[in-house]
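Enquirer: Kindly produce the complete structure, drawing on both the sequences and the hints.
Residue numbers (this note's numbering), protein chains in the order written: chain A, 4 to 114; chain L, -8 to 100.
It cannot be assumed that every hint is accurate.
To be verified - EDC-like mimics (lysine to aspartate or glutamate), calculated; alpha carbons at most 20 Å apart, straight line:
| hint | chain 1 | residue 1 | chain 2 | residue 2 |
| --- | --- | --- | --- | --- |
| 1 | A | Lys11 | L | Glu23 |
| 2 | A | Lys19 | L | Asp4 |
| 3 | A | Lys11 | L | Glu65 |
| 4 | A | Lys19 | L | Glu23 |
| 5 | A | Lys10 | L | Asp46 |
| 6 | A | Lys11 | A | Glu32 |
| 7 | A | Lys19 | L | Asp46 |
Stated by the list, open to error - Computed footprint of chain L on chain A; a stretch qualifies when at least three of its residues, placed anywhere within it, have a C-beta under 8 Å from a C-beta of chain L:
| hint | region |
| --- | --- |
| 8 | 11 to 18 |
| 9 | 43 to 57 |
No lab work stands behind these hints, which were simulated from the structure alone.
All values derive from a computational prediction rather than experimental measurement.
Even for Gly, the Cβ is constructed at its ideal location relative to N, Cα and C.
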Amino acid sequence: MNPAARKKALRYFFQKVVDPLGYKFTPDEELAEFCLEQEVILERRYGVPFCPCKRITANRYEDMQIVCPCIPFHREHFDAMKRCWCGLFVHKDVVDPATLKQVSEKKFRKG
Amino acid sequence: MLIEVARVADIADGGMIAVSVKGKEIVICNYEGRFYAVSRACGHLNAYLNSGTLDGYILTCPLHFAQFDITTGEALSGPVPPDPDPLHATADLKTYPVQVKADTISIDI
Chain A
4 MNPAARKKAL
14 RYFFQKVVDP
24 LGYKFTPDEE
34 LAEFCLEQEV
44 ILERRYGVPF
54 CPCKRITANR
64 YEDMQIVCPC
74 IPFHREHFDA
84 MKRCWCGLFV
94 HKDVVDPATL
104 KQVSEKKFRK
114 G
Chain L
-8 MLIEVARVAD
2 IADGGMIAVS
12 VKGKEIVICN
22 YEGRFYAVSR
32 ACGHLNAYLN
42 SGTLDGYILT
52 CPLHFAQFDI
62 TTGEALSGPV
72 PPDPDPLHAT
82 ADLKTYPVQV
92 KADTISIDI
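Expert: Below, the structure is given as structure tokens:
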């Protein structure tokens, strides 16, 4: 199977999910391609395109919350950062994703 | 050799039908008004793909969710969960040239 064709298919499906949530693919094409490439590898191994930046725990309940795009499960946290954890998706109004900072969930919960 | 298989009105946008032509089982798909013909048997374990779902140009098998690009026949992903048996590797689908004239869809076999 051709990874480029699979990346294109993932883009097609993800776009439909993230668009109504107010997100878009990051304008940083290099990062987007890198994340999608990792997801293609994870999907081949596990059958599911897990978030490439989070740990797979083998706990189904937890793991289902990191299936890309995992925005609905981490909405508050991601909305505060204006990006998802990986940076694959950013808020629609973001022009320069390099200015967005990653804030750990622990830190975010503490306020 | 062109063989008439369906009318344009038979397949709504995003829909598909199965036809049998000269002993070959084929699925005709309507993707945004363009028609594509691919083999009906899934490249994984031969499930009938016309019972699956067509989302844009991506056809998903109803049995183990392998996905295919109907425009090229290319397998985009294998079964879920992955099949550990190398004999069950997912093959690409065979594609057939389609011609639409007036309201008739024909396949070149």
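Enquirer: Each hint should be assessed against the structure and marked as holding or not.
Expert: Verification of the hints:
For a cut-off of 20 Å, the pair hint linking Lys11(A) to Glu23(L) stands: about 18 Å separates their Cα positions. Simply put, Lys19(A) and Asp4(L) have alpha-carbon atoms about 18 Å apart, close enough for the 20 Å limit, and the pair holds. Of the supplied pair hints, the one linking Lys11(A) and Glu65(L) holds, its CA atoms being roughly 12 Å apart against a limit of 20 Å. Taken as a hint, the Lys19(A) and Glu23(L) pair is honoured in the structure, with Cα atoms around 16 Å apart against an allowance of 20 Å.
For the hint pairing Lys10(A) with Asp46(L), the CA-to-CA distance comes to about 16 Å; that is within 20 Å, so the pair holds. Note on Lys11(A) and Glu32(A): the hinted pairing holds, with a Cα-Cα distance of about 13 Å set against a maximum of 20 Å. A C-alpha spacing of about 11 Å is found between Lys19(A) and Asp46(L), which places the hinted pair at or below 20 Å, so the restraint holds. Residues of the region 11 to 18 of chain A lying with their CB closer than 8 Å to a CB of chain L number 3, which satisfies the three-residue condition for coverage.
Note: the region 43 to 57 of chain A has 6 residues with beta-carbon separation from chain L under 8 Å; the three-residue rule is met and the coverage holds.
Violation of the numbered hints given earlier is absent; every hint is satisfied by the structure.
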